[in-house]
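**Student:** Residue numbers (this note's numbering), protein chains in the order written: chain A, 2 to 116; chain B, -6 to 106.
Just so you know, these hints were derived from the structure itself, not from any lab. A quick note: this is a predicted structure, and the numbers were derived from the prediction, not measured. For every residue, glycine included, the Cβ atom is placed at its ideal position computed from N, Cα and C.
Just a sample of chain B residues kept apart from chain A, beta carbon distances all over 10 Å, derived:
(1) Ser1
(2) Val6
(3) Glu8
(4) Gly9
(5) Arg10
(6) Asp48
(7) Lys49
(8) Asn60
(9) Lys61
(10) Ala63
(11) Val71
(12) Gly76
(13) Ser78
(14) Pro106
Below, simulated SDA-like cross-link-like pairs (lysine to any residue); rule was C-alpha separation at most 25 Å, straight line:
(15) A:Lys43 - B:Asp24
(16) A:Lys43 - B:Ser44
(17) A:Lys43 - B:Met22
(18) A:Lys58 - A:Ile21
(19) B:Lys30 - A:Ser88
(20) B:Lys30 - A:Ser59
(21) B:Lys(-2) - A:Glu60
(22) A:Lys43 - B:Ser67
(23) A:Lys43 - B:Ala34
(24) B:Lys47 - A:Glu97
(25) A:Lys43 - B:Phe55
(26) A:Lys43 - B:Pro33
(27) A:Lys43 - B:His65
(28) A:Lys84 - B:Glu35
(29) A:Lys58 - B:Lys(-2)
(30) A:Lys43 - B:Phe39
(31) B:Lys61 - B:Asn15
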Amino acid sequence: EPEVTQTPSHQVTQMGQEVILRCVPISNHLYFYWYRQILGQKVEFLVSFYNNEISEKSEIFDDQFSVERPDGSNFTLKIRSTKLEDSAMYFCASSEAYQGNTEAFFGQGTRLTVV
Amino acid sequence: DQQVKQNSPSLSVQEGRISILNCDYTNSMFDYFLWYKKYPAEGPTFLISISSIKDKNEDGRFTVFLNKSAKHLSLHIVPSQPGDSAVYFCAASAMDSSYKLIFGSGTRLLVRP
Chain A
2 EPEVTQTPSH
12 QVTQMGQEVI
22 LRCVPISNHL
32 YFYWYRQILG
42 QKVEFLVSFY
52 NNEISEKSEI
62 FDDQFSVERP
72 DGSNFTLKIR
82 STKLEDSAMY
92 FCASSEAYQG
102 NTEAFFGQGT
112 RLTVV
Chain B
-6 DQQVKQNSPS
4 LSVQEGRISI
14 LNCDYTNSMF
24 DYFLWYKKYP
34 AEGPTFLISI
44 SSIKDKNEDG
54 RFTVFLNKSA
64 KHLSLHIVPS
74 QPGDSAVYFC
84 AASAMDSSYK
94 LIFGSGTRLL
104 VRP
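So here's chain A without its partners, still in its complex pose (with noise of 0.2 Å):
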């Protein structure tokens, strides 16, 4: 059954380094997001990526956030300058058509830890 891969499933990282959260989507999806959830509290949306563009973002998605899919298979999350803040796990998932008529599926997740 495919499958939405997420690399790496821990990140440790010092507060203000880069880091680049990687997704493989499903091969035949077109829709790709990122959501994220703190520990102990709800999953939330960060982004929404389609046709090559971001389609809708969250206000947690500011300028210290980028998405991109640099070929045709991987889609990264992008954080410039980690905070504290940002200790999260990380979703990735996609989906075939558009979220209100069919699910998405998610990964197994990046847990981000930074120092």
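Given chain A's structure and the hints, the job is docking chain B onto it.
**Tutor:** Quick look at chain B alone, frame taken from chain A:
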């Protein structure tokens, strides 16, 4: 702004009995609702969904009910099994918002053998 609320942080039921997980929402623009199951250190796994034009959707042991007038939905699991023990998230999306998912805070279900 909690647009999707799950007021019960936890629920414990006996194996074989029915589990009922509840979810309330405030945004009348939501037109699609989903339930996800999540184990620790894993991503959410899709369970079942319902469109706002329906009031019930069933898939095996899982049934989702939608009451639009009350802005309430529920997930029924029957019979409950120990393997159902996990955190269940209700999520909603709206056509005018890029179909991003707005999640509730989750309900931890424990099914006792």
